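The listed protein sequences derive, respectively, from chains W, E and Y.
The first sequence: position 204 = 203 (numbering that gives the first Met the number 0), numbered continuously.
The second sequence: position 55 = 54 (numbering that gives the first Met the number 0), numbered continuously.
The third sequence: position 51 = 50 (numbering that gives the first Met the number 0), numbered continuously.
Errors might be hidden in some of the hints.
Result set (BS3-like, lysine-lysine): computed pairs, CA atoms no more than 30 Å apart in a straight line [as the list claims (entries may be wrong)]:
#: 1; chain 1: Y; residue 1: Lys205; chain 2: W; residue 2: Lys153
#: 2; chain 1: E; residue 1: Lys200; chain 2: E; residue 2: Lys16
#: 3; chain 1: E; residue 1: Lys24; chain 2: Y; residue 2: Lys260
#: 4; chain 1: E; residue 1: Lys173; chain 2: E; residue 2: Lys265
#: 5; chain 1: Y; residue 1: Lys260; chain 2: W; residue 2: Lys148
#: 6; chain 1: E; residue 1: Lys43; chain 2: W; residue 2: Lys197
#: 7; chain 1: Y; residue 1: Lys260; chain 2: E; residue 2: Lys276
#: 8; chain 1: E; residue 1: Lys307; chain 2: E; residue 2: Lys232
#: 9; chain 1: Y; residue 1: Lys186; chain 2: Y; residue 2: Lys205
Each pair of labels, with its calculated beta carbon distance range [what the hints assert, rightly or not]:
#: 10; chain 1: W; residue 1: Ala64; chain 2: E; residue 2: Gly308; range: 31 to 37 Å
#: 11; chain 1: W; residue 1: Glu110; chain 2: Y; residue 2: Asn73; range: 30 to 36 Å
#: 12; chain 1: Y; residue 1: Asn190; chain 2: W; residue 2: Thr205; range: 38 to 44 Å
#: 13; chain 1: E; residue 1: Tyr340; chain 2: Y; residue 2: Ile328; range: 24 to 30 Å
#: 14; chain 1: W; residue 1: Ala64; chain 2: Y; residue 2: Lys205; range: 47 to 53 Å
#: 15; chain 1: E; residue 1: Asp1; chain 2: W; residue 2: Asp79; range: 28 to 34 Å
#: 16; chain 1: Y; residue 1: Gly243; chain 2: W; residue 2: Ser244; range: 22 to 28 Å
#: 17; chain 1: Y; residue 1: Glu240; chain 2: W; residue 2: Asp79; range: 47 to 53 Å
#: 18; chain 1: E; residue 1: Ala293; chain 2: W; residue 2: Leu218; range: 45 to 51 Å
Partial list, derived from the structure: chain W residues whose beta carbon lies under 7 Å from chain E [said to hold, decoys possible]:
#: 19; residue: Tyr186
#: 20; residue: Pro187
#: 21; residue: Ile189
#: 22; residue: Tyr193
#: 23; residue: Val254
Bear in mind the hints are in silico, worked out from the structure with no lab data behind them.
Quick caveat, the model's predicted, so the values are computed rather than measured.
We put the CB at the ideal spot given by N, CA and C, even for glycine.
Given next are the chains, with one letter for each unit.
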Amino acid sequence: MNIIVCIKQVPDTNEVKIDPDKGTLIREGVPSIINPDDKNALEEALRIKDEYEDVRVIALSMGPAQAELALIEAVAMGADEGILLNDKAFAGSDTWATSTALAEAIKNIGEFDIIFCGQQAIDGDTGQVGPQIAEHLNIPQITYVEGLKLEASKVRAKRRLEDGYFIIEAELPLLITATKALNQPRYPSIRGIYEAFKGDRIKVLTAKDLGIEEYKVGLKGSPTRVSRSFTPELKAGDLVMIEGSPKEQAEGLIVKLREARII
Amino acid sequence: MDFTLSKEQEMVRKVMKEFAEKEVKPIAADIDKRGRFPRENVEKMAKYNMLGIPFPVEYGGAGGDDMAYVIAVEEISKVCATTGVILSAHTSLACWPIFTYGTEEQKQNYLIPLARGEKLGAFALTEPNAGTDAAGIQTVAVLDGNNYILNGSKIFITNGGQADIYIVFAKTDKTKGTRGISAFIVEKDRPGFSIGKIEDKMGIRASSTAELIFRDCIIPKENLLGKEGKGFKIAMSTLDGGRIGIAAQALGIGEGALEETIKFIKERQQFGRPLAKFQGLQWMIADMATNLEAARLLVYRAAFNKMKGLPYNKEAAMAKLFAANTAMDVTTKCVQLHGGYGYTKDYPVERMMRDAKITEIYEGTSQVQQMVIAANVLK
Amino acid sequence: MVNSALEEYRGVWVLAEQREGQLLDVSIELLGEGRRIADKLNTQLTAILLGYRVDNLAGDLIKYGADTVIYGVNKLLDTYTTEAYTKVICDLIRGRKPEIILIGATNIGRDLGPRISSRIHTGLTADCTGLDIDLENRRLLQTRPAFGGNLMATIICPNHRPQMATVRPGVFEKAKYDDTRQGNIEKFTPNLKEEDIRARVVEVVKEKGSELKLEEASVIVAGGRGLGGPEGFKLLEELAEKLGGVVGASRAVVDANWIDKSHQVGQTGKTVRPDLYIACGISGAVQHLAGMQNSKYIVAINKDKDAPIFNVAHYGIVGDLYEVLPELIKALDNIDEIMENIK
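Using the sequences and the hints given, assemble the complete structure.
Structure representation (structure tokens):
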């Protein structure tokens, strides 16, 4: 069985700082991590690998050369190999172009049974690449998955909605997007780290290797453009400070709220 | 001179940091308060090969190196010095002597389960009347057919009562002083071996520090580690490496305290501005950061020498002496910078200050380190 | 796509989302915003409604501002499935060529949108919090948060049509229901077969009651890192219960796993506008503020008097929330007495 896990290397957004004048990201000194939901995706694949024989888990990513480290970390966690799509031609890809490139890479891998993606990435928060890959490959998708059971050639998934959930069944092959509720990702083992850096567990592919026409990917292949970026504006309130002991503060607040007819 | 870590070591740091933040830090205050040994985290460390970092894969280790091990102790100790010493004592003081002096059979039987973390290790040298003067131990081992019979007791044994395998030092020949000492591998379930008093300590409160009692304890002859009479040498060389682990622990404690303090003084306001804006306090921070950096270089240098097969006796002693002093100094100042809050258990710095003190005492007091250094320098 | 081809695309569509015959609020919000955009472009607003026996909703969509409702009826559309909905909507898009499609950024909209955009080969902007029109070239200006809300980006889709966006629920005001509005309802039966649906919904489970409705709550008591740990939320729950509200949280504490993500308020969580928002131990990172600053009244309780949360608050209390909140809970019980005393 072949499982492909799409992972993205992202800046840790909890550490992100923005240049307020330029409205751009200060990337310097911001640690890069595997996108959290993608770790849940990888964990689910590794659990299947732990449970069944002859399961091969391939981690797939598109990004700059340093994204290789994310794939090595995935291998250290237990993936069998990593594939990095790295080419200037891919730069500036929006979700459509990204999903096109990843889908081509998956076709290039050949046989697959399940593709796992994280529900969304913390830098873009779009959650679009997974379903777009599924469409490019003409396979069914189940998104927002928080429970998964593999039964022979079929999966049964619990799919989260705002007001409940669906139980969805589908035959393989298919694409799953994983939420944090799906599992608790493992850490890379120390042995895994040393083994992952050995030999050539990571393959780097270019647009040419995949036989993708350059106009389909990168900025050229992206239907969307960023026309401007800026830091969010804030609305200032007319602040009234309530002083005194905690008791006086609490009662003072209650009085204000009652007078304003809020409570 | 190259100060960069390898990619492997960098990733080990990242993973250890994440593990420390997510698994160790959340329970650190609680296990300190209760004095509860964090068995669950020992098991988690085992799962990720963190209990056998510098040993080869064929012996159950992670196939890593001494630098990665030091980084692991440092990162864990930043959030919990207790967990740091459990890791350090196990790796440096129990796994390492078996790896270095053990027979192939001993490695198969004891190192593999230890390095895999299936079993926890400890090192038993200190006795009521033999601390710094390790040659003065009174525990005896007498050969009787195919067995040694062990009698005596050990105190202040880190991981004591929690460990499965102990490296125990005993006199096999009372007439020969240090050359009459031998090392033994003792499993916890040997008849005649029992655990005595568990110490109630100032710091590293969740680590188990115990008395070991041997009453006609029967040890098979095959469990002699190294040759008879080589025990003192084994103990001293083991402690040389152990000191690097404790130095890394001290470094981590200091770094952890400084991180907490920097966060605090940026938030805490007095006289209408954050503490971090006061120049007098900035000077303290600058000195602490500088001393920690110096300690780090000494610790890494010692680990580097060990990794490269270079002498590290003096380097390890210097690293431990300086890192322990720095940890004590930094944590004391960090409590000071927290003011009244620092003296409460609402903030972790008081725990770090209590934890720091032991690094000046165990695996050779600071005075022992000075003896070792002087002996090297005055050679 | 060449410009002349772009010209063939006209009209604004809203994909109306119904679950068990109930129209979601976000669809009504989209009709309000869609109406504004269609008027600006001087074009028609069309609502797409798919389902089975939801005729009454088709009429409602007109009353909420649609000029036309395209209503696809089929038993296989009763419950949402990616493949059935994608097929029907893509067929409609190819036949009728709208220039803009707005979709609610719900767990269903965010499943459907990318599948459609991928099939049609056009751009899709996720989770928009602001929309506008560049009249010069009829471009939809789609503004959305990125990098966890630390940055806002305006996205355009210059050379592909339709321009598609999913829109965050709660961002726009709901359209007014106008009983007098008239419009076209085009009912049709899409051609669907069971085999078109490979991922089948075999069970639908509702979790009403237990489900937190942050967006609909009139009072939110939210906690941040200042709580010191997950236990602090018990106190917040107690206060929220007294006020008839619900508990919210900052991103930092959700990331720290102190509370479930469903409680998260902010650019990457939920956008809320309750009557009363009490921020406890929340410093007020910009990404959090952006999700709650439109609340009618904001109360900030924080140890740090310089915390940015005070910049958007109406009432501020500098103090230890573990001292203030118990007093607040007590005071709520004695509210009449307290009001009497100040007279």
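Worksheet item: Are there hints from earlier that the structure breaks, and if so, what are their numbers?
Response: 4, 7 and 23
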